[in-house]
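Chemist: If you want the building blocks of each chain, they are given just below.
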Amino acid sequence: MAVPTATADRGLTGRGARTRRGAPGDGTPRRLPGVRTAIIAAVAYIIAIIFLLPYLEMLITAVRPSKELYDRDYLPHHFAWSNLTNMWGATYGILSSVRVSLEIAGGATLLVLLVALPAAYHTSRRRFRGRVAFLLLVLATQMLQPTALIVGIYKEFLSFGLLGVNPVWSLILVNAGFNLAFAIWILNAYIGSIPVELEEAAMVDGHGRLGALFHVTLPLALPGVVTALIFTFISAWNEFISALTLTTSSSDYPLTVRLDSFIGQYTVDWQHLFGASVVATIPVFILFALIEGRVVGGLTAGSVK
Amino acid sequence: MAASTSTQPGPRKRAGLARLGRPLGRPGRSWRLGRFEHLLWIGPALALIAVVVLWPIVAMIQTSFRNITPLGIDIGSAGWSNFSAVLENSNLPGILVRTVVWVAAVVAITMLLSLGLAQLFNQRFPGRRYARWAIIAPWAASVMMTALIFRWMLQPDNGVIYLFLHQLGIVHTFTVSQPDWLGSPDAALACMIAVGVFVSLPFTTYVLLAGLQSIPGELYEAGKVDGASRWYAYRHITLPLLRPAFAVATVINLMNVFNSFPIIWEMTRGGPGYETATSTVFMYDLKGTFVGQAAAMSIVNFTLVVVIVLIFLRVNRWNREEAY
Chain A
11 MAVPTATADR GLTGRGARTR RGAPGDGTPR RLPGVRTAII AAVAYIIAII
61 FLLPYLEMLI TAVRPSKELY DRDYLPHHFA WSNLTNMWGA TYGILSSVRV
111 SLEIAGGATL LVLLVALPAA YHTSRRRFRG RVAFLLLVLA TQMLQPTALI
161 VGIYKEFLSF GLLGVNPVWS LILVNAGFNL AFAIWILNAY IGSIPVELEE
211 AAMVDGHGRL GALFHVTLPL ALPGVVTALI FTFISAWNEF ISALTLTTSS
261 SDYPLTVRLD SFIGQYTVDW QHLFGASVVA TIPVFILFAL IEGRVVGGLT
311 AGSVK
Chain B
54 MAASTSTQPG PRKRAGLARL GRPLGRPGRS WRLGRFEHLL WIGPALALIA
104 VVVLWPIVAM IQTSFRNITP LGIDIGSAGW SNFSAVLENS NLPGILVRTV
154 VWVAAVVAIT MLLSLGLAQL FNQRFPGRRY ARWAIIAPWA ASVMMTALIF
204 RWMLQPDNGV IYLFLHQLGI VHTFTVSQPD WLGSPDAALA CMIAVGVFVS
254 LPFTTYVLLA GLQSIPGELY EAGKVDGASR WYAYRHITLP LLRPAFAVAT
304 VINLMNVFNS FPIIWEMTRG GPGYETATST VFMYDLKGTF VGQAAAMSIV
354 NFTLVVVIVL IFLRVNRWNR EEAY
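Sequences listed follow chains A and B, in order. Residue numbers for the first sequence follow the numbering used here, beginning at 11 and rising by one. Residue numbers for the second sequence follow the numbering used here, beginning at 54 and rising by one.
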């Protein structure tokens, strides 16, 4: 499982390259990082910048003054930072979309935690008939995506909608369901790496089984829990196709669908579109950077097993 | 599923597990709970999977055999007519060819570039951590937003990509007759493939990086002692040991790219006509008019993904057998 490598790697990052020095007495008392390292670093930085450029253009367009929107230049003559403050008016609906997106992503994250944690704990600690079948079922759901099932999801939740269920609840369910597998795999791996003896010791000390779970296991598995939560939040926040399919009234649009609706019209309000994109993207970058090293383990664990 | 005999874990590998199984000192209670206890723990997950995955599958299969009007009224059984309507659609051959090109091109280019990127970001250099953070941006951002920004950068009149290429002298006609790549199907497909690669690179690179880090350094030391060149070591140590990570990343990418919807939807909506649509976009478009046919197309798509993945796994096994 890729979990330990990620943490080990953290320790190496950034160090080492600058410690290489010429041997004493060979005439080069203190060689700076070798030419090879310098070239590697330069290439890597250039690639890193290329990866960021589209998002930089997103930001620049968001603060372009209307007059200069279609100018043929990389940078406008001055920045209209007011674009970022006046886009919150009710006409654009961005504020209500932020609220809906927060509800969906927050709800899905909470639901995933409530559902995945017991399942991951139990399958990691106990062997019972049906355990393997259950884990295979979870793996199978990881292979499926909302896109592949969108017609079925539409038919099912259409009947929910006719019963008066708010699409936000439907989207919480859908997002929780499709992120469940990731959460179960990564929690399973983290809990499995915590020695059972620690829990037993807590139980000898008078905690019940649940007490041991909450006081010993969960704190130790915290990196896994945080990773599962952040990952679920981000993918629900970014999810597009089921939100596009299940929301019909403009007041229920999450951010992704709101941006899409900006595009559908005859003229496109590019500044506000990208202003909202900037708002939607920056928190996600920061959150993702926090869990970056641990995500791969959860996404590939199922397939490797 | 959650069965009765099971408070006793099968092999007596770990005594600790057995003791955890029943609350210490109270064997009776555990026996009574036994049958239902497992369901208590995994039941919520099963329920969620049932509602969000199994139910839609059943609903989709049912829908594919119903005759439903564009207004959503079910007017009876359709037999296999939804499937035959989809398969006889004159747009389908072009869509299927485009789907294969799209999946093959995006996955192949992504895998090749990621091999290089993983190798590069596995080297030690100052500031590596920040450089790695930068390359996850397209992975963290919503794909639909990334697609929109590329659409903006490809605006015929003022897109910065044209501007840059014009300054390099590659696009000559910038000011006379603006090239509108997103307006012409072949060029649009090429642009969308580029965006598909761009958003697939971070995940793939990270999987391969994890693979690289699992290769023990002693192997390279041994290679050095035996006088292996850098390139020789790469081909005979790195590549074979990277194989499992490479295969996992390829399979996941195949499924993701096949099911990818936001890129094409935001850049061209599959148009003009269906000339830039893949089978996933085609399916979504059908949903707006004939839900029954969209359901049938979903099932066709599902079969296609399974076939594509199986072909890859078979080819992968052949290669492996040849390698040994």
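Simulated from the structure, these hints should not be mistaken for lab results. Misleading hints may appear alongside valid ones.
[Said to hold, decoys possible] What follows is a set of in silico ranges between Cβ atoms, one per label pair, in the way DEER data are often shown:
id: 1; chain 1: A; residue 1: Leu146; chain 2: B; residue 2: Asn142; range: 32 to 42 Å
id: 2; chain 1: B; residue 1: Val278; chain 2: A; residue 2: Tyr55; range: 32 to 42 Å
id: 3; chain 1: A; residue 1: Ser261; chain 2: B; residue 2: Leu92; range: 34 to 44 Å
id: 4; chain 1: B; residue 1: Gly326; chain 2: A; residue 2: Glu78; range: 31 to 41 Å
id: 5; chain 1: B; residue 1: Arg288; chain 2: A; residue 2: Glu78; range: 45 to 55 Å
id: 6; chain 1: B; residue 1: Ala138; chain 2: A; residue 2: Leu63; range: 27 to 37 Å
id: 7; chain 1: A; residue 1: Leu220; chain 2: B; residue 2: Ser267; range: 31 to 41 Å
id: 8; chain 1: B; residue 1: Val224; chain 2: A; residue 2: Gly174; range: 53 to 63 Å
id: 9; chain 1: A; residue 1: Leu63; chain 2: B; residue 2: Asn142; range: 36 to 46 Å
[Claimed, not checked] Far from chain A, by Cβ distances over 12 Å, these chain B residues were calculated:
id: 10; residue: Gly129
id: 11; residue: Ala161
id: 12; residue: Leu170
id: 13; residue: Ala184
id: 14; residue: Thr199
id: 15; residue: Asn354
id: 16; residue: Asn372
[Claimed, not checked] Covered, in the sense of this in silico footprint (three residues per stretch, anywhere, with C-beta under 8 Å from a C-beta of chain A), are these stretches of chain B:
id: 17; region: 139-152
id: 18; region: 172-183
id: 19; region: 272-281
id: 20; region: 323-335
C-beta: ideal position from N, C-alpha, C; glycine also.
Chemist: If a hint holds in the structure, say so; if it doesn't, say that too.
Modeler: To see whether the hints hold, each was checked on the structure:
1. Leu146/A with Asn142/B: 32 to 42 Å: 36 Å, holds
2. Val278/B with Tyr55/A: 32 to 42 Å: 34 Å, holds
3. Ser261/A with Leu92/B: 34 to 44 Å: With Cβ atoms ~39 Å apart, the hint holds.
4. Gly326/B with Glu78/A: 31 to 41 Å: At 35 Å between Cβs, range holds.
5. Arg288/B with Glu78/A: 45 to 55 Å: Once the Cβ atoms are compared, 52 Å apart, the range 45 to 55 Å for glutamate 78/A and arginine 288/B holds.
6. Ala138/B with Leu63/A: 27 to 37 Å: 45 Å, violated
7. Leu220/A with Ser267/B: 31 to 41 Å: 36 Å, holds
8. Val224/B with Gly174/A: 53 to 63 Å: Because 54 Å falls inside the window, the suggested range holds.
9. Leu63/A with Asn142/B: 36 to 46 Å: 40 Å, holds
10. Gly129: The claim stands: glycine 129/B keeps its Cβ more than 12 Å from every Cβ of chain A (closest is about 16 Å).
11. Ala161: About 20 Å separates alanine 161/B from the closest Cβ of chain A, which puts it past 12 Å; holds.
12. Leu170: 7 Å, violated
13. Ala184: 4 Å, violated
14. Thr199: 7 Å, violated
15. Asn354: It is violated; asparagine 354/B is separated from chain A by about 7 Å at its closest Cβ, not greater than 12 Å.
16. Asn372: 18 Å, holds
17. 139-152: n = 0 at 8 Å, threshold three: violated.
18. 172-183: holds (count 10)
19. 272-281: violated (count 0)
20. 323-335: Not satisfied, violated; 1 residues make the cut.
Consistency with the previously given hints fails for numbers 6, 12, 13, 14, 15, 17, 19, 20, ordered from lowest to highest.
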